Amino acid sequence: MLKLLKYALYDIIQSRFAILYTLFMLLVAIAVYQVSEDMSKVSLSLLNIMLMIVPLISAIFATTHFFNNLEFTELMLAQPVKRSHVFLSQIIAVVVVLSLALILGFGVPMLIWGSDMTVLTLLGIGISLSIVFASMAFLASVSTRDKAKAIGISLSIWIYFSLIYDGLVLYMIYSFADYPLEKVTLALTFLNPVDLGRIIMLMQLDISALMGYTGAFFADFFGNIKGIVISSGILILWMAIPAYFSMRRFAKKDF
Amino acid sequence: MKLFNPYLLLFFWMIVSFTSFGKSIRVKAGGSIPNAVEQANAGDTVIVSKGDYTVNELIIRKSITLIGEGMPTLDGQDKGNIILIAGKNITVNGFRFINTGRSNTDDSAAIKFFDSSYCTIEGNELLDTFFGLHFSNSSHLTIRNNRLISTADREFETGNGIHLWKCKENLIENNYVKGHRDGIYLEFTTDTEVINNTIENNMRYGLHFMFAHDNSYIKNRFKANGAGVAVMYTKNVLMKENIFEQSEGSSSYGILLKDISDSQIIGNKFQDNTIGIYMEGCSRSEFTGNLFTQNGWALKLMASCDQNTFENNNFINNTFDISTNGSVVLNELIGNYWDKYEGYDLNKDRIGDVPYRPISLFSVIVEKIPTAVILWRSFMVTLLDRMEKVMPSITPENMIDNSPKMKPNDLNTTHP
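Order-wise, the sequence lines are chains E and A. With the working numbering as the guide, the letters of the first sequence map in order to residues 1 to 255. With the working numbering as the guide, the letters of the second sequence map in order to residues 1001 to 1416.
So that you can see chain E by itself, here it is in the shape it has in the complex:
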């Protein structure tokens, strides 16, 4: 297992993608830090990168990686190793590289120019979303034989969670404005990992606005220990469930 993981990691790091991605993140972080000294402004500027770009790149990279490595995977499957080990080594390698790119890309500027709780939370959310979207991309990849189709599915998942879902929620809130919607919207945010990450950031950036009206309900929930445990638990479920299903599929798949 460890040996498999080692080779998978070597393989990714040798590809140019990992280096380019890290450099890209580094550049973005440096640019943002240069523009503003204020930490809450820094995290505001980074917020959209973390919520949009990071999931997109994670999803695309995980899918392409799976198909580029298909031959190696098939070769490995012919060896006396467990299928689950082959699968886990692949997904863990992808996740590790994606997270390392974020940690290096943002970590170095943070070490140089300082950070605070909001920036660290943002980094944590970026890493969580990378894992969530990588594991969903793996699910998309094992579900089909065609690379293009898999990329299409990954992209649709990304568009759905980062754009369409919020539109639907907004439409729903608009249509049912006369009803008490706090609990419903809270439940709906759990069904979208991007929203969950965004709201955890809202708690840090816009706490004053959230103290008003129904916002206080959300502030109460996400502000206390129970809420933090539940929301991070649900984020972990978002990482684990697609990974688990794709592993099951992978175990039975006829290559």
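It should be emphasised that the hints constitute simulated quantities derived from the structure, not laboratory data. Treat the hints loosely; a few may be bogus.
What the hints assert, rightly or not - Straight-line Cα separation of at most 30 Å, DSSO-like style, residue types lysine-lysine; simulated pairs: (1) 1166(A) <-> 1235(A); (2) 1168(A) <-> 41(E); (3) 1235(A) <-> 41(E); (4) 41(E) <-> 1240(A); (5) 1050(A) <-> 1062(A); (6) 1368(A) <-> 183(E); (7) 183(E) <-> 6(E); (8) 1223(A) <-> 1168(A); (9) 1348(A) <-> 41(E); (10) 226(E) <-> 1405(A); (11) 1407(A) <-> 41(E); (12) 41(E) <-> 1405(A); (13) 41(E) <-> 1023(A); (14) 1023(A) <-> 1050(A); (15) 41(E) <-> 1368(A); (16) 1062(A) <-> 1023(A); (17) 1166(A) <-> 1050(A); (18) 41(E) <-> 1062(A).
To be verified - Negatives, chain E to chain A, calculated, CB over 10 Å: (19) 2; (20) 27; (21) 57; (22) 68; (23) 70; (24) 156; (25) 209.
Everything numeric in this text was worked out from a predicted model, so none of it was measured. C-beta atoms are modelled at their ideal positions from N, C-alpha and C, and glycine is treated no differently.
We have chain E; now place chain A onto it with these hints.
Quick look at chain A alone, frame taken from chain E:
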């Protein structure tokens, strides 16, 4: 007979000086303050030594000075008022007042003034009093360097810290009020200066005034009061260089202005409030050089406000800059700095060439449907806001700053 006999003059001078300097009466620990007050004549000084005294409803009508040495404690033992004053030129200095009664029918207070003038209350400490200092129908009062702290749990268990009803020409300076119902309450009180006070963690409002015209509030700090600061039905108010912060909650305002007219709000700082300023029915007021930072809504400007001018203010890091409830805008925005402004300045006069519209589409939506706030900063909402900026359709067309600044205004104030 010569009209100005020098001996006669000397004699008069001696009488005058004798009465004005007065004598001093000392109360030793365990002695009786009411007896000393009884013995004293106008102009006398009663010096109270360090110690604990039980005092109830002590009435002072003479012009005397009451001085505490080493903060003697006057204990009201949970009954009624501690001192009642009705007179001129009375000074109370250096006492600790504890445990007044808790009656709303008689408004129990540590010191209660009626029909007094030229009185000074200085350097006292009031712990767990119902009302702290209660003044009615008085004038020319000086209230300085007092600390009023109440530890009541609920609003009805405590009264106002400094309460003035129908008073005029007073000075309220350097006081600290915590945990009362209203920190400072002024009603029908005019020509009063409120300077350098720190008012925090009060149950209801930090500062509350009604029908209190021609007053000025300078360099005060209002922090984390239950519902912030609320001022109503008043004209000609000056609020300068105050700090309003941490008023967080659904009906909590940095400052709530209701029916305020002809007033000036200058150089104040509004930070971490759910709503920085909420305005309803305000007219002809100027808002200049204020800093709004990290508020949920910097301004909620209801459509009932008219002829107000917002000039050279800085709006930085607020979730929403302005929201309103209608499409009518009768107010002016001039030369403010908005950190969300994205225009350019081709002729380099530090004024943006493109007008700025401080109301975003989403703030209109949130005004109508508060639950929608949960979608703030999502990509969808950002897109909607962009579209609205390009083609305004829902947001009020006249809420516009035609000369937004490219850099923050230099406010020339030094807030700590």
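Hint check against the structure, violated hint numbers in rising order: Structure breaks hints 2, 3, 7, 10, 13, 17, 18, 25.
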